[in-house]
Each structure stands twice: as C-alpha cells, then as structure tokens.
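Participant: Here's the letter readout for the chains.
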Amino acid sequence: MKRWLIPGMIVALVLALAGGGTLLQVAQSAPEQMTFYVIAHTGPGDPFWAVVQKGVTDAGKLLGVRAIFQGPPQRDIPAQVNMARSAINAKATGIAISVSDPKAICAVIREARGKGIPMVAINVKQPPEFTESCPYEAYIGMDEYEAGKNVARFMMPKLSKGARVLIAIHEPGHVGLEARAKGITEVLTQELGATVEKLDITQDPTKALAALRAYFKAHPDTKAIFTLGPLGAIPAIKMLKEDKLVGKVFMASFDLDPQTIQAIKEGVVLATVDQQQYLQGFISVIELWLEAKYKLQPADYNTGRGLVTKETAAAVEALVKQGYR
Amino acid sequence: MTKSAEIKQVAPPARKRDLWRRALGAREVGVLIALVAVIGVFSVLNRNFLTVDTFGDILTQAAELGIAAVGVTFLMIAGEFDLSVGSNFAVAGVMLALLTTRLGWSPFLSIPLVLAAATSVGFLNGVITLGTRIPSFITTLGTMMFWRGIALAITGGWPIYVLGSSRMLDLLGGMAIYQTVRISALWWLIITLIFWLLLVRTPYGNWTFATGGKPEAARALGVPVGRVKLTNFALAGMLAGFAGFTQFGRMGSMSPVWGDGLPLEAIAAAVIGGTSLMGGAGTILGTVLGAITMASIRVGLIMVGAPSYWYTAFLGAVIVVAVILNVRLGEMMTWRR
Amino acid sequence: MAPIALLEARGISKTFGKVRALHRVDFHINPQEIVGLVGDNGAGKSTLIKILTGVYPPDEGEIYFQGHRVHFSSPKDARALGIETVYQDLALIEQMSIARNFFLGSEIVRRLGILPLLDSRAMEATTEEVLRGLGITSLRSADEEVRVLSGGERQAIAIGRTLHFGAKLLILDEPTSALSIVETQKVLGYIQEAKRRGLSVIFITHNLYHVYPVADRIVVLEHGKKVGDLRKEEASLEDIVNMIAYGGTQA
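Protein chains in written order, with the numbering used here: chain A, 1 to 325; chain H, 1 to 337; chain L, 1 to 251.
Derived from the structure by calculation, the hints contain no laboratory data. The beta-carbon is built from N, C-alpha and C at its ideal position, and this holds for glycine as well. Warning: the hint list may mix true and false statements.
Stated by the list, open to error - Calculated cross-link-like contacts (lysine to aspartate or glutamate; reagent style EDC-like; alpha-carbon spacing at most 16 Å): (1) A/182 x A/132; (2) L/50 x L/119; (3) L/18 x L/59; (4) A/149 x A/186; (5) A/91 x H/260; (6) A/115 x H/53; (7) L/50 x L/173; (8) L/232 x L/216; (9) L/76 x H/216.
As the list claims (entries may be wrong) - From chain H, some residues computed to sit far from chain L (all C-beta separations above 10 Å): (10) 32; (11) 120; (12) 141; (13) 165; (14) 201.
I would like the entire structure built from these sequences, with the hints used as guidance.
Facilitator: See the structure below:
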C-alpha cells in the first residue's frame, strides 16, 4: 500500500494536469487556428470585465477563431504584464491590452510589435503626459478624462457654488480612475468653486460602506458623490438608501451594472457613464482579425457614448441583463 | 590523520547506496517531481512552451518572487513568518522611485539607503515579535497593513514612473541578459548562492536550523536564539526590498499596491520546496524550484488558453500534492533503515 | 582515604513556600566516580541537581568544587566549571544531522576571508570517532539526521558531546527511563566508557536496577532527606532495596 503511494500520486498529478489541459485544448481549438488574446488588468470577477469577456468570446465564435480573455482576479499590473508575455510566447495572432500602467504595458507592446505581433489598446490608453513610444495601432475605448468632465458638467446644474463633493475611488493609483476623478475635480473646482475630496473606499464593499458612512458623518454638508465604477457605486447606493439621503445627495457613477441601472430608475443615481465595454472586447478582436486576414489597419474606436439617465435606463437595462451593456 | 583514515575504511561499502538514499531522501525531491510533471504536460499541450523565450519569462517571474522567498525560507526555518514582505516590497520600490525621480538622488546613495530601510522594517518585525512574544503571524499581519498604508500614503495611491531609459532600472531588473532572461534572474542566482552557503555551510545556518527545530535545546547549547531570529527577520526584510527593486526595474514604474500576494506566494514557494511550516527544516534550492514551479504553472496555463482563474486552483492542488510527497518521502526514508 | 571530592555539597536545605524540598543534605562525588541518585518522585532528586547546577540557589548550605567554595548564580557558572547536565528531553534537534547536533554552538570552522565556513568533514570525522570510542557500532554516518536514531544512540550523542568538550561532571536525568532493556544496557556501557575516560557521572533514576550495575555508590533520597549513602562493596542490591522500602538508616 505504502509502496504505491508515491508513484500513484505522481501518476495522479500528471493525469490531472494532462486531463485538465487537454479538455481545455480540445474544447477550444485545433492547433493551426488563429489565436487572439485580450489581456486586461482585472478579470471577469468584476461585472464590467465580464461584459468585455462576452464581447471577446462572441467575436471569436463569430469569426471561428480562438479569442481568449485574460485578467488577474484583482487589479494587478505585474500579473497582467506576465500574462501578456505568455501570450507573446504562445505566438498570438494579435493581442489587445489595457494600458493600465503606461511604462510597463508600453514596454510589452514595444516588444510584441518588435516580434511582429499586432497590438491594440483597449479600455485605458496611453496618458498624454507619457511621452515614451507606445506603438499600439489603435485605441478602442473611451477617453476617461473627457468622460469625467462630461459627467461633472451634467451634474453642475444641481449643485450650488462652493458645494462639497466627494469622489469615491475604489482603486487608488489606477490611471483610468484617477483620470476620471481628475476630469470631475477640474470642472467642479474651476467652474463651480466646489470643494472636491477623494476618498479611498477600497474594493471591498463592506469596507467601502463603512468609509462612506464615516465620511458623511464627518461632512454632513456633502452635496454630491461620484463613484468611478460598480465597485464604488454599489456600496454608495446602499448608503444613500439606508441613510435616507436620496434627493439630498446627488450621485453619478461610471459604467453600467444591474444595480446602478436600477438605482437610476429609482432616481437614486442621476446618471452613469456608459463606455459600452462590450465593444472594447468585440471590436478589438474584429480589428485584429481584419489586420491578420486582410492587412486592414486597425482604427481608433470611441466606445464612450455619453450618459445613461432615467429616460434611457429601461431600454439599456434589458441589454445589461443579457450581458451586452 | 590515522583515525580519519580508519573511518574512511569502514565507510566505503555503504557509500554508494547512501548516495542514492540521500538523493531520494532529499527534501527537494517532491518539488522536482512536481516541476518535471508541470513542464512535461505544458510542453505537450503547447509546442511553444519549451522554448528559451518562455523559460526566460518563467525565470523572470520566478526571480521576483524567489528573491523574497529565499528570505522567507530562512525565516521559516528559524520558526517565524513574515507576512509583511509584500508591503515591504512596495515601500522599498516606491521609496527608491521617489528618491531617484522626484528628489533626483543618486542611485548609489538611494539603493543602499532604501535597502537599509527595508532591512530595518524586517528588523522591527523581529523586535516586536520577540519583545511581545506574540506569534509573528499576527505581528507581521499588523505591520503588513501598516506598511501598505504607508506606501499608499507617501504616493497618494499613484504609481511612480521613470520616464525615459534609466541605467539603474536596467541593472536592477530591466535588462535582458540573454533573449528574454533578465538580469533579475542573475541577481536571484547570486542571492541564492550566498544564502545557500550561509544556510548550509556556516555556523550561522546551523544555528538557524537549531533555533527553528528546538529553541530550548539550542539555547541550552549557547546558541543566541533571539539574535538568530532577529537577524533572519532583518534578512527577510532586506530581500523583500530587493525583490521590490527588481520589479521596479522590470516595470519601469512602481505602484504602492504591488506585491499584495507576495507573502503567501513566498510561503507557498517555500512549502512546495519542502520547508517546514513548523520550522527547523527547509532548503534554499527547494524554494527556488518551488518558485519556478509556480511561475511555470502561471505561464503554462495562459499559453494553453485556460482562464487565469485556474492558476489559483491549480497552484492549490500542486501545493497539497508537493507537501504530501515531501512528507511521505521523508517518512519512507526513515523507515527503510 | 578522602581524596578531594570533585563536587561536594554540605548541609543543603531548600524550601518552596511551605514545602520543604531538601533538608540538610550532604552530597559529594569523587573524580571518576559514578553515583546513582535514587528516590521516588518528589524525594528531592531534581531539586538537589538544580542546586548543584546553579538553577536555584540553596537556602542553606555550601557547595565546593575541587575543594574550593563556589557560588553559582546561573547554570552558565556551573557549565564554566565543567558541569554538564543532560535532561530527559535531550538537547538534540531531530531534523539536523548527528554531527551538526554534536557541534551545535561550538562548530568547527575554516575561514574563507571573513566568512566562517563549517568544516563538515572534520566535524563528521570527530563525531564518528567519539561515538565509536563510546562503543557505538550501529552508526552509519554522522551525516544522518538525528531522527533516525534510537533513544540509546541519542543518549550517546549527548554523553559524547560532554566528553568531547572537556566536561568533568556529567549529570544524567533519567537517561534510561524511556528505553528498552537492550538499549538500557548500551547506555550503561556508554556511561562506563565515559567514566573510564575520566568523567564523573551522577545518574538520577527512580529505578535502582538500572543504576546498580554501573554505580560505584548509591545515594538514596526520601522526603527531602538523605536516607542512604552506600558504596557498592558495602551493600548488596537487596540491602538497598530494603533500605528504600523501609526507610532504613544510614550505613
């Protein structure tokens, strides 16, 4: 009995590895197929990225190619870089990547291009102040900074001069989120003289709720709250409802998810920026495929389409449920 | 002289079998089997896996983890843990980035300074742990959060970029020395050699084993148990800081949120490589192989197109299998006498 | 007769709270002598030993080492004079090799620049030599881990270590309590060999049959008092057994 334990376990390990891998391999492809990777800084655990993943998968099915979405469970740039490098080593036909960290990601983009692999950027692009070469062929996503300004302008009529405004940031240091916050802050401070404060609410909803409550306790005069994505919106909506602040505190957010849309229909949230991320997954694969197949040069694609408000919410909701918005 | 000659005469008949037994009984056997299995399977699944490029990438990933894991292994052998290595990693990287970019200090000044700071962070863990007699799992859980908060506070949450090319970054981790093999792999090799020597060939290494194996016995024989632990805490801190440097070097930017999963991954690498969670046993080579195994799984899964979530599940399975292999092989070697 | 005793204690008393652990106990051990210290649990054996090795100071009484009055303020002082104690729970680390255990804290090194490197070959050779000298035949290599050794072999390492590092008095606390008969015989052999090489040994046990074969003298403690101090030539095993059983008088 004892004698067979070790060899048995080795065999089991090999079988498990082989079995798991083969299943995936068989399910997904024959080896000669084109393979496209879409690599994000966060994975489908975030509802936002689940929609991108759907776009990627749908495009792959439509075209009859392997289209693989990859992202670390939590925002993790070094992990994203490692994934991209693995995709390069796997000789991907084309790669789409979020430029979540210009220095690190642009280095990967340069290397991939050097090896002749087409690259496009999605979701987050190279920030203007970053001057190193970042040779992606196209950007498929929205302009974060402009979107921040846009939503701030939408909210301005509701606010009085010098009002206190809170921006709840759930991932400090995230280039895209910080750019959104910057857009909001600039508009409100320059055009309204508002006091705008940024609060790190973390990605944990319980901690976020506690942080928000604490802030409102300390600053009951806060007139508006901006959240920068569902991870911030969900706890903020909960707080506004539970603490009976609806109508007293105006809220706007970014991205669509069932809870935010529901809150817009209820009037808890006034507006949310829809960046139509399905397109970021779908179009990037399509453009990379077109380049691989017909040498068609990828083009920039603006997925940011303004705001979803109470008037448009119902129509959008049905599509959110299906995972397209 | 004559006496040692006598002994040698007695020994030879057993030597050959001893060598074989020792090879099988070595703590690294479990992880070696796991690594060979992992490489074998991925090579079959994707022809591009068994290439120099892939191997270089695996080494680069393993190096950043592995440098910190070598320090963690040393500390674990002495019977203590450090969960704050990830935060120390971020603080060190961020401090070096701040000093060299915003303040424009020379790297020759900044690197030793920040390395000393990282060492002090580790040392402080030791002082708190030994002073309060609270298990290091708890004290370093506290310092882990504390230093992570400090890293976020001094940067305001923003990553710090080095624009343009930098000789310092190239030397720390950015430069490729052969194909995709980066200089961090070389640093890792040097660190591994130094610490292997320290652990296996010096009285200090002997004391480290004794401190983790049976502290009362070690103390009774005059081993300065407290000092050994303190030193190992400091060494773990220093290596965590240096690991932060290599990631900073490779990425060209440093974010205060990086290195979040490092403490548990470092412990995982050590445990896969045969280091005991109870202290008193472990090898540097095992940890190195453990880190390479983990990086191979990560790279391999992506190359075969598995969703990245598989990595965590897979790694969990490998940890359990490797640990069982380690324990069972150890027992078998004892019973066969 | 009366050679200068190696270690002598006169009129030792010790009380813990209301418990009188020792009452005016005289004890001595001569050079190259094996003394069995016998008595039931709670008779005061370990208190006496802890006083002789500097763990506790006595309430009353004096200690002389080679004729000179000494005051031990810690076990270090006793060890500095060459008094080594091997407790039941041996000071050996299972996962480490025999040689590394043997030299723990006193490693043999060769310097490579500033780096002190272990001289493994010398340590292993010395360990093997010392252990073979004690009469161990089963040892394969000093490179093996201690956990593969039997209880008797482990005692041998502790005894050998004391011998090698130049101690004069070895105190063994219940060295045979967890051993089989065969193993016990072996350990008794090691003790005799240690004596032959100049060591004095205090052998603490509650089992007279273990110590009688090797002891030169048996000291019996009972309820904190010395009730017997017999040279082996003067008393048979039965005499001593009777003395313990009936609380006999001093011979």
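Participant: With reference to the structure, classify each hint as holding or not holding.
Facilitator: Evaluation of the provided hints:
| no. | hint | result |
| --- | --- | --- |
| 1 | A/182 x A/132 | violated, 22 Å |
| 2 | L/50 x L/119 | violated, 35 Å |
| 3 | L/18 x L/59 | holds, 13 Å |
| 4 | A/149 x A/186 | holds, 7 Å |
| 5 | A/91 x H/260 | violated, 30 Å |
| 6 | A/115 x H/53 | holds, 12 Å |
| 7 | L/50 x L/173 | holds, 11 Å |
| 8 | L/232 x L/216 | holds, 6 Å |
| 9 | L/76 x H/216 | holds, 15 Å |
| 10 | 32 | holds, 20 Å |
| 11 | 120 | holds, 23 Å |
| 12 | 141 | holds, 27 Å |
| 13 | 165 | holds, 37 Å |
| 14 | 201 | violated, 5 Å |
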